[in-house]
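Trainee: Here is how the chains run, residue by residue.
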Amino acid sequence: MFETLKMKLYQKNQYIKDIKNAPIKDQFRGLPVLDDTKCQNCAICAQSCPTGAISVNPLKIDLAKCTFCGKCKNLCTRNAIDFSSYYKLGVDNPQKLIVDSKVTIEEYNKRAIETRKEIYSIFNRSIKFRQVSAGGCNGCEMELNATSNANFDIGRFGIDFVASPRHADGIVITGPITKAMAYALEDCYKATPDPKIVVLVGACALSGGVFQGSDELNREFIDKYKIDLYIPGCPVHPLTFINAILDFIRKK
Amino acid sequence: MDNCVINNNKRVNLLEIPTVEIEKLRSYLSVSNLRPISFFGSDWGSAVKLFVALADDERGEIILCSSLIDKSIKSYESITKDNYQYHMFEREFFEQFRIEPLGHPWLKPVRKNLNDYEFFQMEGEELHEVAVGPIHAGVIEPGHFRFSCQGEKVYNLEIMLGYQHRNCESLMVKNPSNQLAESICGDSTIAYNLAYSQVIEELSDTKITNKAKIIRRIALEMERIAIHIGDLGAILGDIAYLMGKEVFATTRTLVINTMLEISGSRFGRGLIVEGGVNFDIDKKLSEKISAMLDNVKKTVEKMTKAALSSSTVMSRLEKTGSLSTETAQQINLVGLMGRAFGVNLDSRFDFLDEFYKDFKLKPFIATNDAYSRFRIRYKEIIDSIFIVKKLLQKLEEFKNEEIKVQMNPLIPNGFALSVVEAWRGELVHAATTNEQGQLSRYKIKDPSFNNWFGLALALRNNGISDFPLCNKGFDLSYCGFDL
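Chain order of the listed sequences is A and B.
Take 1 as the starting number for the first sequence in this note's numbering and just add one per residue.
Take 1001 as the starting number for the second sequence in this note's numbering and just add one per residue.
Chain A extracted, bound-state conformation (with noise of 0.2 angstroms):
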């Protein structure tokens, strides 16, 4: 036991104390910057982009399909496209993930999620999830995990993941929504008591991402039901899950 004790001692606190302004590196791939000015409508990112994110004249990128996988970025030799560290990611609604050259990060940032009153007056203090993988890599599903641990530590905001969904007041889905999968992800929904939000997480569960021409997938429950959070990457970053969650249920 004092070998176990011991550990606490060296391991010291792990949390990230502002979880709103957690800094990260460079390197990391989020929200694109785009400079339509420099793009000559060339259309090479747009052809070679896994996931036919990419438009151009004017520029876009859908970050409801983007991988993150800067593909683009190496191919363009006029620099058009680059990829800030902007990591809070999350929207309200798919428009608002189409990103053109007018979208700057502050800009970005205001418009994604707008505060309901009907979601802060109840979830401010506490939300329980129902996780559902639906054909997911496993990527989102280490990150949602991740979110959890010692280092991110979501527990404390009152956010959580849970067993079944009946204590949940919400479902979290990844994955590209697989056939086999529809009918257990539509059962999970209806489990579920209302008012219940839904949140997709990853670009397979935003669009199919690299596997929208797959002909195993069934993307009806999308279409059916009310979506509220949609949250881009690939995988989904730890903190932009977080950041997300927390900008929808509580008061800006």
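Since the hints were made in silico from the structure, they are not lab data.
Incorrect hints may have been included.
Stated by the list, open to error - If the Cβ cut is set under 8 angstroms, some of the chain B residues that face chain A in the computed set are:
| # | residue |
| --- | --- |
| 1 | Pro1134 |
| 2 | Val1139 |
| 3 | Lys1174 |
| 4 | Asn1175 |
| 5 | Asp1187 |
| 6 | Gly1264 |
| 7 | Gly1270 |
| 8 | Ser1477 |
Claimed, not checked - So these bits of chain A aren't anywhere near chain B, every CB distance computed over 10 angstroms:
| # | residue |
| --- | --- |
| 9 | Phe28 |
| 10 | Val33 |
| 11 | Asn57 |
| 12 | Asn109 |
| 13 | Arg166 |
| 14 | Lys190 |
| 15 | Asp194 |
| 16 | Leu246 |
The model shown is predicted, which means the values in this text are computed figures rather than measured ones.
The beta carbon of each residue, even a glycine, is placed where N, CA and C say it ideally should be.
Knowing the structure of chain A, use the given hints to seat chain B on it.
Mentor: Below, chain B alone, put in the same frame as chain A:
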């Protein structure tokens, strides 16, 4: 029997692989003591061509053979009857091409038609079934487990997977990309992308630089370190030793955050690309990685010592979920789990690799239980830290080389195969090209494809409450299996 022999990561002309009658191939495979590493069909006009790759681990060679089965032929005599190692391969082949292996003892769906799945059933007094999944209690991937129990004792566990099936193999043929390869199994990002890139480079006869090769191997070992540390934490978490869980989780963060500094992603996405790597490791970064690893090693050693000195931890680990080495060999367990059960396979060293050949690692003495699964991870973390540090030194020699080269077009009628030791074990990617030089078949075999059955057997005669501990110890992939 007619066959052709190749080395790992090598190409062969598709038409030079000898084709024999299925009966002849069957009689060869059912007595051969070589392990199957890939077994798949490919559409061949009015027929189906069956490719089989066998590993000769002692010589470090791969033996290829094939058979042409006309579509009018609806069945053949099962190989599994005589050699259990083929049981999953034959089920998969049947599901994809509807050619029935007659007399297969366990011919069930693998990934599709899950509604037709017939579970093994037991009848008797006090017997009951426990069904779990597809959605599990934690944040993990979907799969269905069916336990047949008497009281708390599990007599049989049957694992039904396929919920994650996204048809990756045909997507790979339609629209191959590094990003798709990375997303097939997101916890083995580096291994999958490496295997894919090596196959494509070999099929297009592109020679990449030594520097790129070393950076790729550094990333592969760092992935192994990070996941193993996370798993040590998860195993301790499942026996409610929370200090271990949290300390290992935060230690893993150090490794993956360094990965982010190298590649811009915590899991190394975007690092490996066809023709090399996207990011360089310079002197400064190399020192940083080295210092981080020293720190990680110290913490892992201390924490492991503290955990294993606790009697409550040891009493849960010892003799839980055992399986004999003999059984493990019979059902062809590979990689990490193979080694935990005394099957000494490691494709990094079994097949010739210019950068691994100088490392001599101590052998692991398996105890075939949960304790063994804990210790093998600890040993491999320490080994991999040693390997990364040596590779970082080696990188210095090639610092003036390019990190990326231009890719050539794919060669027509090619067959290439790449075996990569992912952190779970032997990952096999095989691909063929057609006459126009386009990909015509892409086949992936994850180590979990072999090892899930091992978990089912290891749980027999254990308490059902030991399942989480065994499951974490195996830590197999759902999406890598489902594809």
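Trainee: Taking the hints in turn, state whether each one holds.
Mentor: Status of the hints after comparison with the structure:
no.	hint	in the structure
1	Pro1134	holds, 5 angstroms
2	Val1139	holds, 5 angstroms
3	Lys1174	holds, 6 angstroms
4	Asn1175	holds, 6 angstroms
5	Asp1187	holds, 5 angstroms
6	Gly1264	holds, 4 angstroms
7	Gly1270	holds, 5 angstroms
8	Ser1477	holds, 7 angstroms
9	Phe28	violated, 6 angstroms
10	Val33	holds, 15 angstroms
11	Asn57	holds, 24 angstroms
12	Asn109	holds, 21 angstroms
13	Arg166	holds, 12 angstroms
14	Lys190	holds, 13 angstroms
15	Asp194	holds, 20 angstroms
16	Leu246	holds, 19 angstroms
Checked against the numbered hints above, the structure breaks only hint 9 and satisfies the rest.
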